[in-house]
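So the sequences go chain by chain: A and B.
Just so we're aligned, residue 69 is where the first sequence starts under my numbering, counting upward by one.
Just so we're aligned, residue -14 is where the second sequence starts under my numbering, counting upward by one.
Because the hints were derived from the structure by calculation, they are not lab data.
Glycine included, each C-beta is placed from N, C-alpha and C at the ideal position.
Do not take every clue at face value.
[Said to hold, decoys possible] Derived DEER-like restraints, expressed as beta-carbon distance ranges: (1) A:E87 - B:R231: 27 to 35 Å; (2) A:A278 - B:I305: 53 to 61 Å; (3) B:R310 - A:E128: 36 to 44 Å; (4) B:R231 - A:E248: 22 to 30 Å; (5) B:F150 - A:S135: 54 to 62 Å; (6) A:S333 - B:R310: 43 to 51 Å; (7) B:Q115 - A:D271: 41 to 49 Å; (8) A:A203 - B:M226: 24 to 32 Å; (9) A:E87 - B:I118: 18 to 26 Å; (10) B:W304 - A:T259: 42 to 50 Å; (11) A:P359 - B:R231: 29 to 37 Å.
[As the list claims (entries may be wrong)] Residues from chain B that keep clear of chain A, each with C-beta distances beyond 10 Å, as calculated: (12) I11; (13) N21; (14) S30; (15) E44; (16) Y56; (17) M176; (18) A216; (19) Y228; (20) P307.
[Claimed, not checked] Straight line, CA to CA, 20 Å or less: simulated SDA-like cross-link-like pairs of lysine to any residue: (21) B:K227 - A:M176; (22) B:K227 - A:G136; (23) B:K227 - A:K275; (24) B:K227 - A:L139; (25) B:K227 - A:E296; (26) B:K148 - B:L137; (27) B:K227 - A:L195; (28) A:K152 - A:E137; (29) A:K152 - B:Q220; (30) B:K148 - A:L153; (31) B:K148 - A:Q156; (32) B:K227 - B:K148; (33) B:K58 - B:C1; (34) B:K227 - A:E137; (35) B:K227 - A:R158; (36) B:K227 - A:S146; (37) B:K148 - A:E159; (38) B:K171 - B:M301; (39) A:K275 - A:E296.
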Amino acid sequence: MAEPILSVRRLCTWFHQDEGIVRAVDGASFDLEPGHTLGIVGESGCGKSVTARSILRIVERPGRVESGEILLRRPDGSVVDLVKLDGQGREMREVRGGEIGYVFQEPMSSLSSFHTIGNQLIEAIRLHSDMSKKAARDRAVELLTLVGIPRPAQRVDSYSFELSGGLRQRVMIALALAAEPRILIADEPTTALDVTTQAQILDLLRKLQAEQGLAVILITHDMGVIAEMADDVVVMYLGRDVEQGPVETIFHDPAHPYTRSLLQSIPSVLAEPRSRLRTIEGSIPHPYARPAGCPFHPRCADAIAGRCDRSLPEPTHLGARHAVSCFLYGGSGVPALPAGLLERAE
Amino acid sequence: MITYITRRLVLALVTCWAISVISFIIIQLPPGDFVNSYIANLSASGSMVSAAEADAMREQYGLNRPIWVQYGKWMGRVLQGDFGMSMEWGRPVLEVIGDRLWLTIVISIAAIILTWGIALPIGIYSAVRQYSIADYIFTLIGFIGLAVPNFLLALIIMYLGFKYFGANIGGLFSPEYDLAPWSWDKVWDLMSHLPLPAFILALAGTAQLIRIMRANLLDELRRPYVTTARARGLQEWRVIMKYPVRAALNPFASTIGYLLPFVVSGSIVVSLVLSLPTVGPLLLRALVAQDMFLAGAIVLLLGVLTVIGTFLSDLMLMWIDPRIRAGMHG
Ligand SMILES: Nc1ncnc2c1ncn2[C@@H]1O[C@H](COP(=O)(O)OP(=O)(O)OP(=O)(O)O)[C@@H](O)[C@H]1O
Ligand SMILES: [Mg+2]
C-alpha cells in the first residue's frame, strides 16, 4: 500500500455564530492514496464541502479550522501540515491551485461573468508558473481542448454566460487543472447538470485521472456516482467519518447502520415498479442540537440504549482498510459530555 | 448594441420633450400672459407701451393663438438658442445665465467625482470588514451625513473657517478673479475653490453610496466565483478587487444617473449659503420674482443636461458590462 498523498486527521471545522457553534466538521479522518479516487458521501449538510474547503484553507468566516491535521505529502517525501500554515500566506496559496485543484458544486456561478474564461484561465496558469502571457494563452487553449470544449481557440475569449452548464463545468475542470496539481477535489461536480451531461463529465474526470495520474477526492451524495467512480469510500455523518473502506467492501459488506440505510435508499432498476423507496428514518438534527453520544443514534434502528447515547464510538478496524465507528462492532468509546458542558469547557 | 443605444436615445428624447412641456407650463403658470407682466414691469419703471406695440408683441409670441401653437413657437425659438427676455434683468435669458450654467456643471461633476472617490473605498472596506469597529464608525458617520442637511454643514464649515482661519470660504473665485475674463489663472483659482463646496455637496450622496456599495459587495462576496478565485491561489486582496468589486461596481455605475439631479437640486440652498455663482440661486430669485422665461429656461437646461448625463452613464454601463454587450450582439 502506497503512502497516502493526503491524510486528514481528526479535522474539526466550526462556525462560530451568535446563536451558537455549528460543528460542520467534527473529527473527520481519512486518507487519499496517490492515483486513487476517494469518494466522500453523505447527506446534504453533513460537512462534505466544508471538509474540502478546510483542506484548501478557504473556509469563510465565521468558520475556522479548530484542530486536527491535514498532511500533504510532497513528491520528495516531505510532509506538510496544512492546518499549521498561514491561510493567507504564500506557501498555502501555492498549495491552492498549484498542488490541489478544486472543482465546485455550482458551475453556473463559479465563474466571473465580467471576465472571459481565457482571462481566468491565464490568471490561474500564471499564478503558479512564470509563463509569458502569450504562452499562457496557448496553454489555456490547450487546456480547453483537453477538457473537450469544441472550438477552444474561439471559446477562450467568450464569457461564462455564453456557455451551457456542461461546458462551464468543463471550464471549471480546466481551471482546476491549470497549474497541473497532483490532487483534484471535485465537490459534487455533476449535481447541477442533467443526466447525459453528468455522465460526460464523469467520463472526462476518469479520463483525466488516468492520463495525469491525479488523486481525486470526489464529493457526492449519490451512491451511484460513488459505485461508478470511486476506489475508496468515506461515509460522513454530521461532520464525522462513520465508515470507510474500499468501494467493494462498502457496497457488498457495509457495516455501519447509516451506510446500510444509504445503500437501501438508492433506487434500483430491479425493484418493483412504484414500490416505495426506503428512506432513512428521521431527519438530520439541527446543527446547534447535536445529539450526545453517537450522532446517528436517534435515527438508528440498532442503537444500544445506555451506550450509543452516552459515548462516541471510536473507529474499529474490520479489515486492513475497512474501519467503522459503531458500538455494534465492539470498540472503545469516549464518554460524551453533554453539548452544553463542552461549550463551557472551551 | 445599436438597438440598445437607439432605445436609450429615444427614451432620452421623450424625456427631454416632457421636460420642455413642464418648463413651458411653468412659464405659463402666473396669471395673465407674458406681455401683461412685461407691460406692468415697464410701466413700473416709467416707460409706456402702446396698445399697438402690445398687440404686435402678442402676435410675435403667438399669444392670441391656441396654446399648442404657443408651445410650438416657443420651442422653435428655444431650439435656435433664443430663450426670451428675462424681465427682472431686462436682458436675454442666456446672457443672464452666462457662465453660471457651466459652473453648475463643473461643481456638480466635482461633487460626483468626490462622492465616488470617498464612497468607493469606504464601501469596499466596510463590506470586506463587515461588523468591524471601523465598519460601525463609517456606518455612524454615514447616517449623520445622511441626516444633516448639507446647507447646515455649509454654515458650520463657513463659521469654523471664519472663526479659526479668518477665511471667507464662500464663492468660487477670489475677489480679484470674480469679474475677470477667463484665463488659466482664473481656472486655477476656480480649482482651488472647488474642493470645499464640492465636498459639502458630496456628503449626503456619499453616505448613500457607501450603503449601496457595501450592500452590493456583501452580496457579491458570498458568490461561488469568489471562492473559486481563492481556490486558484490568488492573493486575498486581488481576489476581492478583481472579482466581487468589479461586479459590485456595475450597479454602482448607474448611480451617476440619479446622483446628478440630486446634486444639482441639493446645490441650490448650498449655493445660496456659500454664495456660489451657480444657477441655483438664480432659479430661486427668478421664481420669487416670477421671471418666468428665466425660470423656465433654467429648468429646461438643467433637465436636459441631466438627461444627457443619464444617457452617458447608460453608455458607460453598456461599455463595462459584458452581459449587456453580449445580449446586444445576439
Ligand atoms: N458560512 C457558513 N456559516 C455557517 N454555517 C455554515 C456555513 N457553511 C456551512 N455551514 C454549515 O456547515 C454544515 C455543513 O455544510 P456543507 O456545505 O459542508 O454540507 P455538504 O455536506 O457539502 O452539503 P451539500 O450536499 O448540501 O453540499 C451545514 O450544517 C451548514 O449549515
Ligand atoms: Mg456541499
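Structure-based check of all given hints:
Distance hint for E87 of chain A and R231 of chain B: a CB-CB separation of about 33 Å, consistent with the stated range 27 to 35 Å. The given range of 53 to 61 Å is broken by A278 of chain A and I305 of chain B, whose C-beta atoms sit roughly 43 Å from each other. Hint check: R310 of chain B to E128 of chain A, Cβ distance near 31 Å, so the stated range 36 to 44 Å is violated. Between R231 of chain B and E248 of chain A, the C-beta spacing of about 28 Å keeps the proposed range 22 to 30 Å intact.
In this structure the supplied range 54 to 62 Å holds for F150 of chain B paired with S135 of chain A, their Cβ-Cβ distance being about 59 Å. Between S333 of chain A and R310 of chain B the C-beta distance comes to about 47 Å, which sits within the given range of 43 to 51 Å. Between Q115 of chain B and D271 of chain A the CB atoms are about 42 Å apart, so this pair conforms to the stated range of 41 to 49 Å. Separated by about 25 Å at the C-beta atoms, A203 of chain A and M226 of chain B satisfy the suggested range of 24 to 32 Å.
With their beta carbons about 22 Å apart, E87 of chain A and I118 of chain B fall inside the hinted range of 18 to 26 Å. For the pair W304 of chain B and T259 of chain A, the supplied restraint of 42 to 50 Å is violated, since their beta-carbon distance comes to about 36 Å. At roughly 45 Å, the beta-carbon separation of P359 of chain A and R231 of chain B lies outside the given 29 to 37 Å, and the hint is violated. At the 10 Å boundary, the C-beta of I11 of chain B stays outside the reach of chain A, the nearest C-beta of that chain being 44 Å off.
The Cβ of N21 of chain B sits about 60 Å from the closest Cβ of chain A, beyond the 10 Å cut-off, so the non-interface label holds. Non-interface call for S30 of chain B relative to chain A: holds, since the shortest CB-CB distance, roughly 64 Å, exceeds 10 Å. Here E44 of chain B stays apart from chain A, with its beta-carbon at least about 61 Å from theirs, past the 10 Å limit. For Y56 of chain B, the non-interface assignment is confirmed: its Cβ lies about 46 Å from the closest Cβ of chain A, beyond the 10 Å cut-off.
With 10 Å as the threshold on Cβ separation, the claim that M176 of chain B sits away from chain A holds: the shortest Cβ distance comes to roughly 34 Å. The Cβ of A216 of chain B sits about 4 Å from the closest Cβ of chain A, inside the 10 Å cut-off, so the non-interface label is violated. A Cβ of chain A approaches the Cβ of Y228 of chain B within 10 Å, the least distance being about 5 Å, so the stated non-interface status is violated. P307 of chain B, annotated as away from the interface, has a beta carbon of chain A within 10 Å; the closest lies near 5 Å.
In summary, the hint linking K227 of chain B to M176 of chain A is supported, as the alpha carbons are separated by about 19 Å, within the 20 Å threshold. Restraint check for K227 of chain B and G136 of chain A: not satisfied, since their Cα atoms lie roughly 33 Å apart, outside the 20 Å limit. The straight-line distance between the Cα atoms of K227 of chain B and K275 of chain A is roughly 33 Å, outside the 20 Å bound, and the hint therefore fails. The straight-line distance between the Cα atoms of K227 of chain B and L139 of chain A is roughly 31 Å, outside the 20 Å bound, and the hint therefore fails.
The hinted pair formed by K227 of chain B and E296 of chain A fails the criterion: a straight-line CA distance of about 39 Å is larger than 20 Å. Taking the CA atoms of K148 of chain B and L137 of chain B, the gap is near 16 Å; set against the 20 Å cutoff, the hint holds. Annotation: proposed proximity of K227 of chain B to L195 of chain A holds, straight-line Cα distance about 14 Å (limit 20 Å). Annotation: proposed proximity of K152 of chain A to E137 of chain A holds, straight-line Cα distance about 8 Å (limit 20 Å).
Proximity of K152 of chain A to Q220 of chain B is assessed by CA-CA distance (about 18 Å); at most 20 Å being required, the pair is judged to hold. Using a Cα cut-off of 20 Å, the hinted pair K148 of chain B and L153 of chain A is violated, with the two alpha carbons roughly 57 Å apart. Under the criterion of a C-alpha separation no larger than 20 Å, the hint pairing K148 of chain B with Q156 of chain A is inconsistent with the structure, at around 50 Å. A C-alpha spacing of about 46 Å is found between K227 of chain B and K148 of chain B, which places the hinted pair above 20 Å, so the restraint is violated.
A C-alpha spacing of about 17 Å is found between K58 of chain B and C1 of chain B, which places the hinted pair at or below 20 Å, so the restraint holds. Restraint check for K227 of chain B and E137 of chain A: the C-alpha separation of about 32 Å exceeds 20 Å, so the hint is violated. Between the alpha carbons of K227 of chain B and R158 of chain A the distance comes to roughly 19 Å, so the proposed pair stays at or under 20 Å and holds. Of the supplied pair hints, the one linking K227 of chain B and S146 of chain A is violated, its CA atoms being roughly 35 Å apart against a limit of 20 Å.
Between K148 of chain B and E159 of chain A the CA atoms are separated by roughly 57 Å; this puts the pair beyond 20 Å, and the hint is violated. As the CA atoms of K171 of chain B and M301 of chain B are separated by approximately 32 Å, the hinted pair breaks the 20 Å bound. As the CA atoms of K275 of chain A and E296 of chain A are separated by approximately 13 Å, the hinted pair is consistent with the 20 Å bound.
Violated hints, listed in ascending order, are 2, 3, 10, 11, 18, 19, 20, 22, 23, 24, 25, 30, 31, 32, 34, 36, 37 and 38; each of the other numbered hints is respected by the structure.
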